[in-house]
Amino acid sequence: MPVYKKDWNFTTTGKGTYEITHALAVGLRESHYSTGLVSVFVCHTSCSLVLMENADPSARVDLERFMDDLVPEDSPYFKHTLEGADDMPSHIKMALTRTSENIPFENGCLQLGTWQGIFLWEHRTASHRRKLVFSYLGEK
Amino acid sequence: MPVYKKDWNFTTTGKGTYEITHALAVGLRESHYSTGLVSVFVCHTSCSLVLMENADPSARVDLERFMDDLVPEDSPYFKHTLEGADDMPSHIKMALTRTSENIPFENGCLQLGTWQGIFLWEHRTASHRRKLVFSYLGEK
Amino acid sequence: MPVYKKDWNFTTTGKGTYEITHALAVGLRESHYSTGLVSVFVCHTSCSLVLMENADPSARVDLERFMDDLVPEDSPYFKHTLEGADDMPSHIKMALTRTSENIPFENGCLQLGTWQGIFLWEHRTASHRRKLVFSYLGEK
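Residue numbers (this note's numbering), protein chains in the order written: chain A, 1 to 140; chain B, 1001 to 1140; chain C, 2001 to 2140.
So that you can see chain A by itself, here it is in the shape it has in the complex (with noise of 0.2 Å):
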């Protein structure tokens, strides 16, 4: 079974919400599949995955919000706290959300609702270097 893989490295630039539905259409585009499904993978375990509404950014900054309020940093029982006070929350949040998600695709487009888009979600404070892996398995 012939895959098409392809690694897609990002620079996060702080705690949000980033949308990659269109790196993901562009290399559904490369793969020339017209039928199947690409499954998105986070090689990291401090930022996740969503597929969330992607037309009112008030969602969006809703979300993050409950996540900060359910997650927060000054837990006292925490011990994994080297790389600072955003370290552990930031496991959890990835543990309650997704680290790969799979997208079906059909006459080459994303099977996505009209009002959904995948996000990566960085849940670290500085700039992160990300790396993600798309598996798009499918026929021409």
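None of the hints are false.
In silico lysine-lysine, DSS-like type, Cα no more than 27 Å apart, as pairs:
{"no.": "1", "chain 1": "A", "residue 1": "K140", "chain 2": "A", "residue 2": "K6"}
{"no.": "2", "chain 1": "B", "residue 1": "K1079", "chain 2": "A", "residue 2": "K15"}
{"no.": "3", "chain 1": "C", "residue 1": "K2005", "chain 2": "B", "residue 2": "K1005"}
{"no.": "4", "chain 1": "B", "residue 1": "K1006", "chain 2": "A", "residue 2": "K140"}
{"no.": "5", "chain 1": "B", "residue 1": "K1140", "chain 2": "A", "residue 2": "K5"}
{"no.": "6", "chain 1": "A", "residue 1": "K79", "chain 2": "C", "residue 2": "K2015"}
{"no.": "7", "chain 1": "B", "residue 1": "K1006", "chain 2": "C", "residue 2": "K2005"}
Think of the hints as simulated: they come from the structure by calculation, not from any bench.
For clarity, every value in this text was computed on a predicted model and none was experimentally measured.
For this one, chain A is given, so just place chains B and C on it according to the hints.
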């Protein structure tokens, strides 16, 4: 690589979990595949997927109640409230659960555990038309 | 499309995270595939999967402690308590993490990040026999 694709539409009638295991098994029979993997994808950001016990319904009642408590509708900082008080909580509950899920199959049967079912989790109060995409990858 | 399937059984000894990266790499070697994707599936609803840092064990201790705080055993509204106080919290922790996870591979190696491992997360207090299914999709 041949992929068997099936769009599946379903109308929900308010918040709750709706079992879709049977619909997934029907598609598998149509595919004529024996061994492989089916990927389920939800084309929305205010409902989600969850694999859950399908024997005792009280388990799902407790899960839904927990999630309602975790993500209250009246958070004072929510800005994304255009569609009502259940708008933003729906997106958050989706982000905390799953948009895509993969289930293996063998000898033409889904390899679910004895009490395991897959559910579409509607997070909106009003009835909604929902679209899912089933992608079967396998061999005959 | 050929798929290499492997059932993997494991006996847990109480709540905690158990690394399964090695078992997944062994199956990859057996598949003789070079490039592709492996899908991991847990056939249960009271344990789950998580990709997590595998260098400093304190990160997992903090994560497990956080989840215990988030989902307490003594919620007064839990009805699904037949199997004990850890019954319902186990299902909730599973729903908040993952039942299936996909990891890409290339040149016969899992494409995990430097400090990334995959773990089976047991949420029950008692020892349990757990079944996982590894599905390798790839080319030689």
